[in-house]
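For chain D, the structure is supplied; the task is to place chain A on it using the hints.
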Amino acid sequence: MTASTLLLLSLAVPAAGAAVILLLRYNPNAREAASLVTAGALFTIVLRIYLAVSVGDRPALVLAEPIPGIPIALEAEPLGVLFALVASFLWIVTTMYSIGYMRGHPLRPEIRDVMATLGIDRDREKRQARFYLFFAFAIAAVMGVAFAGNLFTLFVFYEVLTLTTFPLVTHSRSEAARKAGRVYLGVLFTTSVVFQLLAIVWTYAIAGTLDFQDGGILSGRAAGAVVPVLLGLFVFGIGKAAVMPFHRWLPAAMVAPTPVSALLHAVAVVKAGVFAVLKVTVYIFGIDFIAATGASVWLMWVAAATIILASLVAFTKNNLKVRLAYSTVSQLSYVVLGAMLANQLGVVGGGMHIAMHAFGKITLFFCAGVIIISTNRTEVSQLKGLGRVMPITFGAFFIGALSIVGLPPTGGAWSKWFLGMGSLEAGQIGLVAVLMLSSLLSLVYLMEIPLQGFFGRPRRAPDRDAAGEDDHDHGGDFHTPPRWSMAAIITTAVACVILFLYPEPFYRLMTMVAGP
Amino acid sequence: MIAEHLPILQVVLPLLAAPVCIFLRNPRAAGALAVLTSWSALGIALSLLREVMSTGVVSYAIGDWAPPIGIEYRVDIVNAWVLVIVATIGAVVTPYAITSVESEVDRKRIPLFYAAYLLCLTGLLGITITGDVFNVFVFLEISSLSAYALIAMGQRRRALTAAFRYLIMGSVGATFIVIGIGLLYVMTGTLNMADLAALLPEVWDSRTVKVAYGFLGVGMCLKLALFPLHLWLPNAYAFAPSAVTAFMASTATKVAVYMLLRLFLSIFGRHFSFEVMGLDLILLPLALVAIVSMSLVAIFQVDVKRLLAYSSVAQIGYMILGLSFASVTGLTATLLHLFNHALMKGALFMALGCVVYRIGSVHIDAMVGLGKRMPYTMAAFVVGGLSLVGVPLTVGFVSKWYLILGALEKGGLWMGVAAIVLVTSVMALVYVWRVVEVAYLRDFAGDERVREAPWSLLVPTWALVLANLYFGIDAVRISAVARGAAEALMIGIGS
Chain D
1 MTASTLLLLS LAVPAAGAAV ILLLRYNPNA REAASLVTAG ALFTIVLRIY LAVSVGDRPA
61 LVLAEPIPGI PIALEAEPLG VLFALVASFL WIVTTMYSIG YMRGHPLRPE IRDVMATLGI
121 DRDREKRQAR FYLFFAFAIA AVMGVAFAGN LFTLFVFYEV LTLTTFPLVT HSRSEAARKA
181 GRVYLGVLFT TSVVFQLLAI VWTYAIAGTL DFQDGGILSG RAAGAVVPVL LGLFVFGIGK
241 AAVMPFHRWL PAAMVAPTPV SALLHAVAVV KAGVFAVLKV TVYIFGIDFI AATGASVWLM
301 WVAAATIILA SLVAFTKNNL KVRLAYSTVS QLSYVVLGAM LANQLGVVGG GMHIAMHAFG
361 KITLFFCAGV IIISTNRTEV SQLKGLGRVM PITFGAFFIG ALSIVGLPPT GGAWSKWFLG
421 MGSLEAGQIG LVAVLMLSSL LSLVYLMEIP LQGFFGRPRR APDRDAAGED DHDHGGDFHT
481 PPRWSMAAII TTAVACVILF LYPEPFYRLM TMVAGP
Chain A
1 MIAEHLPILQ VVLPLLAAPV CIFLRNPRAA GALAVLTSWS ALGIALSLLR EVMSTGVVSY
61 AIGDWAPPIG IEYRVDIVNA WVLVIVATIG AVVTPYAITS VESEVDRKRI PLFYAAYLLC
121 LTGLLGITIT GDVFNVFVFL EISSLSAYAL IAMGQRRRAL TAAFRYLIMG SVGATFIVIG
181 IGLLYVMTGT LNMADLAALL PEVWDSRTVK VAYGFLGVGM CLKLALFPLH LWLPNAYAFA
241 PSAVTAFMAS TATKVAVYML LRLFLSIFGR HFSFEVMGLD LILLPLALVA IVSMSLVAIF
301 QVDVKRLLAY SSVAQIGYMI LGLSFASVTG LTATLLHLFN HALMKGALFM ALGCVVYRIG
361 SVHIDAMVGL GKRMPYTMAA FVVGGLSLVG VPLTVGFVSK WYLILGALEK GGLWMGVAAI
421 VLVTSVMALV YVWRVVEVAY LRDFAGDERV REAPWSLLVP TWALVLANLY FGIDAVRISA
481 VARGAAEALM IGIGS
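Those sequence lines, one after another, are chains D and A.
In this text, residue positions in the first sequence follow my numbering: the first is 1, and each later residue adds one.
In this text, residue positions in the second sequence follow my numbering: the first is 1, and each later residue adds one.
Check the hints yourself; a few may be wrong.
[What the hints assert, rightly or not] Keeping only pairs whose Cα atoms sit at most 20 angstroms apart, straight-line, the calculated SDA-like set for lysine to any residue is:
1) A:Lys-210 - A:Leu-199
2) A:Lys-410 - D:Ala-223
3) A:Lys-410 - D:Ala-176
4) D:Lys-179 - A:Val-426
5) A:Lys-372 - D:Leu-22
6) A:Lys-410 - D:Arg-130
7) D:Lys-384 - D:Leu-443
8) A:Lys-372 - A:Val-382
9) A:Lys-372 - D:Arg-178
10) A:Lys-410 - D:Thr-209
11) A:Lys-372 - D:Arg-25
12) A:Lys-210 - A:Phe-300
13) D:Lys-317 - D:Ala-176
14) A:Lys-372 - D:Arg-130
15) D:Lys-179 - A:Ala-198
16) A:Lys-410 - D:Val-226
17) A:Lys-410 - D:Leu-22
18) A:Lys-410 - D:Arg-25
19) A:Lys-210 - A:Ala-198
20) A:Lys-108 - A:Arg-156
21) A:Lys-410 - D:Ala-19
22) D:Lys-179 - A:Val-368
23) A:Lys-210 - A:Ile-179
24) A:Lys-410 - A:His-271
25) D:Lys-384 - D:Thr-316
26) A:Lys-372 - D:Ser-54
27) A:Lys-372 - D:Lys-317
28) D:Lys-317 - D:Phe-236
29) A:Lys-372 - D:Val-62
30) D:Lys-179 - A:Arg-434
31) A:Lys-372 - A:Glu-452
32) D:Lys-179 - A:Leu-288
33) D:Lys-179 - A:Arg-442
34) A:Lys-410 - D:Thr-316
35) A:Lys-108 - A:Ala-198
36) D:Lys-179 - A:Ile-179
37) D:Lys-179 - A:His-271
Simulated from the structure, these hints should not be mistaken for laboratory data.
The shape of chain D in the complex, shown without the other chains (with noise of 0.2 angstroms):
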């Protein structure tokens, strides 16, 4: 099989199985299996991928040619296989934890809105496959994004994202989340209507093509002022990237069931975000152009003042998922600094942490959907004591907050250094400083949870001989977490430790990428 078939079958086979779940929306057993077959499938594809590109090969294809001279294509880039591989492996995770956290409990409440309609069991059923469809769906649009071959195709992958992802923020259906699709559609569009399609047209119109060449397309064709607006209009226009003030759609997207939180709004959509941004800046700039024209450093200060701005709302933010969407608008905006830094230590640090961050945050998620399910509790408030029941979640959450805050010995050090490294090789001490403080920031806000965990004082035992007796608000009895859904959790949280050990295939593909 050759490596270009390969990349036609990482969108086919997400697709594909979309298919076959569809066919199987009676069969619950079948479906899963069918689920996790398909995601075990597409991470052998990437992985086959990765081991040609690793040696120097870049394969292509061309889909089809919707505008002369500017088609559809893919190749498959260094940055794009390291942002394929983890994000088709977290699928296999997160298919995992999905089917015991979308069977487990249907009783319980959050499950309760996400199967509004309870009533009849078929639409139950029927309303859970669509779950597990739109889901491969957006997969397919991740993998579409990752091995986008040029601007015009990365740009039609990110809207096909954002389109079958709306489905999945609004899954309950309940007014709140029909506010929320709205924040989360009408921020997306509108970012990626009103600057990134111009932005894009006007670098065609400068350059003539929109392929992603290496030292970029626009070094030599555009000057002046037009290239710091251009960059601008970029950086704000790939919305997903979440750079303040176009991050409200985040948070907004918090309503859907954990597992969308967890793969989609800690991983693929945002990952895609601020990948799209590292794309645009080495593959259309060149950081070479950038750091010569001087043309990124008012944005590298609007990534600065998201990554504290967003730190310091999450400190005031009581529901554990929204606390956690803050803390990653915050992290994205480091992927986006690493961008704007444009030297390769910055490259390297950026891409790295977007493999790093998405396997610390994704075991956050997976923690907090599993304190849900098992506890109905969503306020970091009600999370006193509950280490001590649920040692095994609130370890996994010390070990990916560790992660995020950029502590030894999880792999979010890595990045950490190289971002902190670049920013003082681009002789911006003030970053660095904006560094420290920000993991200092999150050190507190999120380390608060589990110690609150382990050491605090519950108002009342929530242990199982207590049950019942809870405050009302802190929901009813205690349920065990569903097996599938912990096994989830222990491997996120092992490979953040792995990662600290083994960087090496993230760090060789972003040197590939940005420059030995």
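This is chain A only, laid out in the frame that chain D set:
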């Protein structure tokens, strides 16, 4: 050989089929004849396009009277393109009409409906194919009069006032056009388009020619519903039978835009229009106001048909905007959007026709939860709506792309124009998504018996929906035709 006579057959076939529909009396038989006629019209239009693409301009002298004395039918790449658009929509909407009309029009009047419908098709094809300006006026009246009758057949009594209003405004427009044509005849002594194009430069400086230009411009802008001369359109579209709305929205205004391009670019010429008369400077603000204000008005509509009608006025603004760029890229955008907008609005109005067929209303509150009850219909509406918004992989995106590219090519303040086009796309998302949200994110509360629309409605609807996707993904050939037509228009008819 029959192939030589294709240009006249294009018009004569539907013209002759119209009275036969009345004699047939049987609604089904009349419908079948109309379908047959519209399909052969499409066949003729396609073979004309193929001929023009391979051998260049096709000229046909009616009754063998050589032009400029006799009436000439003259097909070049521009009107071959528009003929294909009109005939395609006709070929898709006519089979749709058979089922749709049965539920919306009085049974006794159905044969009359097909007669008027075929006459309207005749008129539109005639305007497009003829190379004689007075002939344009004649066919304009044929298409307009039959259109008034078609609109008046709507179910609700307000259809009558809507048709009457259209009649008044349309007649004013037609009068202006005939005055303009008369003035040109006074100055040049000819009615043949190619002849006019050759003779006009000598008399450019005369005030009469400029007055004629003004009359023609206003008359045609009334016909194509350019803001602020659009007032007839929303009610006419909202109250007409569904099939008529789908047909008119996708063809009538497109043909009017073609007329404008033909007269102002081919006959008067690019130099006179843009440099002497400043056409671009007049059209640009009107187009921008049309796009912004009508998109805004559309957001607040509760009747979805009327919502789409206002959206149509905004979309016409996009077409005129492309013209006001006075560049090949801009004109390519205009010509592509003629086709693309026909596809998307056709699909959307046909989807609404399916809704009317089942629940009798397209009020937004009546469409609550319809996504589950009529999944194929509403899916068609979603795809058509996304195309209207201009999401990539649909035709709407391709036209938007060329419009924005045209604006950016001009640089400077035109960046603002590009920004307006993009912002109004977001407004389109708002009005489309209001319907989508109501249909999908709420629970159905209406009559339990409501089911999916019959196949006879869904198949034509989905044919257009799939065309929206196909030409959005593989637009190379279609863009090449549109670009060729744009270049032909910029060169002018004379040379």
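So, going through the hints one by one against the coordinates:
1. A:Lys-210 - A:Leu-199: OK: Lys-210 of chain A and Leu-199 of chain A at ~15 angstroms, within 20 angstroms.
2. A:Lys-410 - D:Ala-223: Distance of about 18 angstroms is within 20 angstroms: holds.
3. A:Lys-410 - D:Ala-176: violated (45 angstroms)
4. D:Lys-179 - A:Val-426: holds (17 angstroms)
5. A:Lys-372 - D:Leu-22: holds (16 angstroms)
6. A:Lys-410 - D:Arg-130: Given that 20 angstroms is the threshold and the Cα spacing comes to 46 angstroms, the pair is violated.
7. D:Lys-384 - D:Leu-443: Holds - the C-alpha atoms of Leu-443 of chain D and Lys-384 of chain D are around 18 angstroms apart, at most 20 angstroms.
8. A:Lys-372 - A:Val-382: Given pair Lys-372 of chain A, Val-382 of chain A holds - Cα atoms ~13 angstroms apart, limit 20 angstroms.
9. A:Lys-372 - D:Arg-178: holds (17 angstroms)
10. A:Lys-410 - D:Thr-209: holds (18 angstroms)
11. A:Lys-372 - D:Arg-25: Status holds; Cα separation ~16 angstroms.
12. A:Lys-210 - A:Phe-300: Status violated; Cα separation ~40 angstroms.
13. D:Lys-317 - D:Ala-176: holds (18 angstroms)
14. A:Lys-372 - D:Arg-130: holds (13 angstroms)
15. D:Lys-179 - A:Ala-198: It is violated: about 61 angstroms lies between the C-alpha atoms, which goes past 20 angstroms.
16. A:Lys-410 - D:Val-226: holds (15 angstroms)
17. A:Lys-410 - D:Leu-22: Measuring from Cα to Cα gives roughly 49 angstroms; hence the hint is violated.
18. A:Lys-410 - D:Arg-25: Roughly 53 angstroms between the alpha carbons, so the hint for Lys-410 of chain A and Arg-25 of chain D is violated.
19. A:Lys-210 - A:Ala-198: holds (17 angstroms)
20. A:Lys-108 - A:Arg-156: holds (17 angstroms)
21. A:Lys-410 - D:Ala-19: Status violated; Cα separation ~46 angstroms.
22. D:Lys-179 - A:Val-368: holds (17 angstroms)
23. A:Lys-210 - A:Ile-179: Distance of about 12 angstroms is within 20 angstroms: holds.
24. A:Lys-410 - A:His-271: holds (18 angstroms)
25. D:Lys-384 - D:Thr-316: Measuring from Cα to Cα gives roughly 17 angstroms; hence the hint holds.
26. A:Lys-372 - D:Ser-54: The hint is violated at about 47 angstroms.
27. A:Lys-372 - D:Lys-317: violated (37 angstroms)
28. D:Lys-317 - D:Phe-236: Between Lys-317 of chain D and Phe-236 of chain D the Cα gap is close to 25 angstroms, so the pair fails against 20 angstroms, i.e. violated.
29. A:Lys-372 - D:Val-62: violated (37 angstroms)
30. D:Lys-179 - A:Arg-434: Holds, because 12 angstroms separates the two Cα atoms, which is no more than 20 angstroms.
31. A:Lys-372 - A:Glu-452: Status holds; Cα separation ~9 angstroms.
32. D:Lys-179 - A:Leu-288: violated (31 angstroms)
33. D:Lys-179 - A:Arg-442: holds (13 angstroms)
34. A:Lys-410 - D:Thr-316: Violated - the C-alpha atoms of Thr-316 of chain D and Lys-410 of chain A are around 48 angstroms apart, more than 20 angstroms.
35. A:Lys-108 - A:Ala-198: With Cα atoms ~51 angstroms apart, Lys-108 of chain A and Ala-198 of chain A exceed 20 angstroms; violated.
36. D:Lys-179 - A:Ile-179: violated (55 angstroms)
37. D:Lys-179 - A:His-271: Not satisfied, since the Cα-Cα distance of roughly 53 angstroms exceeds 20 angstroms.
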